[in-house]
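Got chain A; can you put chain B on it based on the hints?
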Amino acid sequence: MGAWKLEWIRMWRTKRIVAVVATFVLLGLAGPIALHYLPELIKAGSKNGAPVPVLPKVQPVQGIANLGSNISSIGSLIVAIVTASTLGLDSNRSIAAFYRSRVRNPVALIMPRMASSAAIAIAALALGALGAWYETEVLLGHVPLAPLAAGFLFESLWLCLVVGVTAFYASVLRSVAGAAGASVATLLVTALLSAVPHLSPWLPTRLSGSLSMLIGQPAGDIWKAVLVAAVVTLAAVAVSIRLFAQREPGA
Amino acid sequence: MNGLATRGLVKRYGTTEALRGLDLEVPAGSIYGLVGPNGSGKTTALEILVGLRRPTAGSVDAGEVGSRIVYCPDAPEFDSWLTAAEVIRLSAGLMGARPGREAVEAVLARVGLENAAGRKAGGFSRGMLSRLNLAAALICEPTLLVADEPAAALDPAGRWEIIELLGKLAGSTTVIVSSHDLHDVQRVCDHVGILTRGSLAYQGTLRELLERAGTAIRVVVREPSAPVKAALAAASWVRSVQDEGPGTFLVEVSDPGAAEEGLPVVLASCGARLVETGPAEGSLQDIFFQLTGTGPARSAEEGA
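Taken in order, these protein sequences are the chains called A and B. For the first sequence, the working numbering gives the first residue as 1, with consecutive numbering after it. For the second sequence, the working numbering gives the first residue as 1, with consecutive numbering after it.
No lab work stands behind these hints, which were simulated from the structure alone. The reader is advised that the hints may include incorrect statements.
Among chain B residues calculated to face chain A with C-beta under 7 Å, some are [to be verified]: (1) Leu-52; (2) Pro-73; (3) Trp-81.
For each residue, glycine too, the CB sits at the ideal point set by N, CA and C.
Just chain B, with the same shape it has in the complex:
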């Protein structure tokens, strides 16, 4: 199946150029994270992809994944007098599907709204609306799901669930997701586009991006931690190991793929009592700041 591609997308609002020759390449079946600072053109780009806006110049080739495009806007709202179940049936009905009661209940359960099927959307919290937004999209069985900040209004647990849910669509559905949260992108996306001032500063696989700048993993173990540090430092895929506190190491890796496979082996070999491990904060963030010319350092310079 062909993926989605845009060629030289330009969008002007009067004299303001929101998109400046955007060339997206979204492989079929991928989870594509579109990230960028506020005002970089993410929402404009997504709205063009789903047909809500027309580009000033350029074109969109949705390929085969474009046969059923469903959009999840940020800050979703629905007619307040419709129940959650009616929103789901309406969403499917507008796209020509007629889901049965079981399908409606199943999709609501999938997003954690199984007890709210009969409640009117007007009484929903922002978090519940975000879940309903995603359920209304999933019931359509999209070939391309375009989600603008799908977890923006959710608490950490809800955010985790929704991002996980999007991640599980990989392979069966092509997903383009915009997010301000780089951890979410790093967790579920396999492809990334970094948008700044209307054009792409980077596009490719997440792995390539992380490899380009090097990747760091934070490892927290119980004492004694010295043997763990030594074992990590000896691993072929480790560039450096820095102490960050008692039993806490920042491991800079040269090969993320080898690190994913090798880290459990190294920790097991030295009998480490693992407390926590995961991508070190700032790994993708640092690259993002570097590519977009944003971030605390720049803000401080500009403020000086």
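Here chain A stands alone, though its shape is the one from the complex:
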């Protein structure tokens, strides 16, 4: 058994794959359903005699946008937790000794863990997006697939960034909770920085929730954020591999 097969077994036996995929699919299916039945829910919930607010007609793109919005928060958090726990190699001294004394190449040691985390996040996003697209088609109206596919690529890059940033913190902190927490905090701070007009076009947080961004509108200047996200992700992966290689066993 090699390191890649180990990660496949880890994802199934620890139910990580189930947690990530179930969350994304549930978010994908629930969004269009909630939007479709929202007027009826409001009507049913209003008291006798109280005026019922008239909601604007729901656009099909909102069914997809809903998933993108949830991925920015819940989805990113789950991906950060799964990545931190998968890369929590040194949180247990004895287990770390088993792997580190047998695998000297840090890339061979770390890359399967990072790649499996990213692959599961992207696969879960694909299934969630498919679920959201199907429900939207049935309940809200037509959504073209080509811009959705392009949005999927941007959203995938965002999830890769989450994995990369979490990997960086996992290489600095031995605690799984610490790495996941620091990663989410960093992404939140980046989101807050988007309030600064000059910084906003360059911030990779623009890719968060980008699943529906291209549906019915041009890409605009998203390429700056794509460039920064790609560079930061690659840099975070490279630095984390280097830091993992240099780390010695804990006390």
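Showing chain B alone in chain A's frame:
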């Protein structure tokens, strides 16, 4: 085949110096026992040898025995969701080997885990984890096996089996084993390093060490024991014979090699009905206490 050697290994943790110029010489094919009191730097030294830590200064020349180094940490643990057989396959796989089912079953049987191949490691006792730890190392067919307290969590029978197993590797595999149990070291090791406060107080063959301080053997026979005592006292390799109780003698020897060959002959010549014989407790222990400046006497002095 060249053995392993370290030159002036130093390891500092902040202001604490865990190793102070360690010069190990481990001959190829030997079973090398690294002993020392708690905090003497044994685990740090082993972790440097296997590449888990970098020395602050000094170097490690693993020679030809370093082509396949496998480490058995103390207090072993494995991912709890892996079965014992999967741990074995993973251990080999990470080092580039692909053992068949028979090889996996054989190595588990070798450490007494043949009935636990399909059980998950998360449910193993500490003793079972120690056995699995050794099996995971043996499947890699190491040229150098570095084992940190490999039998620490085992009951006496399990301890005996594992130490015996390590002893059988002599000649084919170079083994460095750290242990707190001096009896284990005396039983299987042919070379010994005594580590104290980060540097070696002694390094050489076990035989030389025992000869340096003299060796004692305890002999227990059924009565009448007087002829046995007389025969032992007359042997050329015996320094003294002390009564320790009915039919029990502490035989201090001047030449351990001659004693190993001569004792059965002497006992047979006087028709002794042997109950028990073996190294007297404290033979290696006394030297250890003397070299490391530890032991009950010192503790009592320090406490006074």
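Now the hints, each set against the structure:
| no. | hint | in the structure |
| --- | --- | --- |
| 1 | Leu-52 | 5 Å, holds |
| 2 | Pro-73 | 4 Å, holds |
| 3 | Trp-81 | 4 Å, holds |
Violated hints for the displayed structure: none, as all numbered hints are satisfied.
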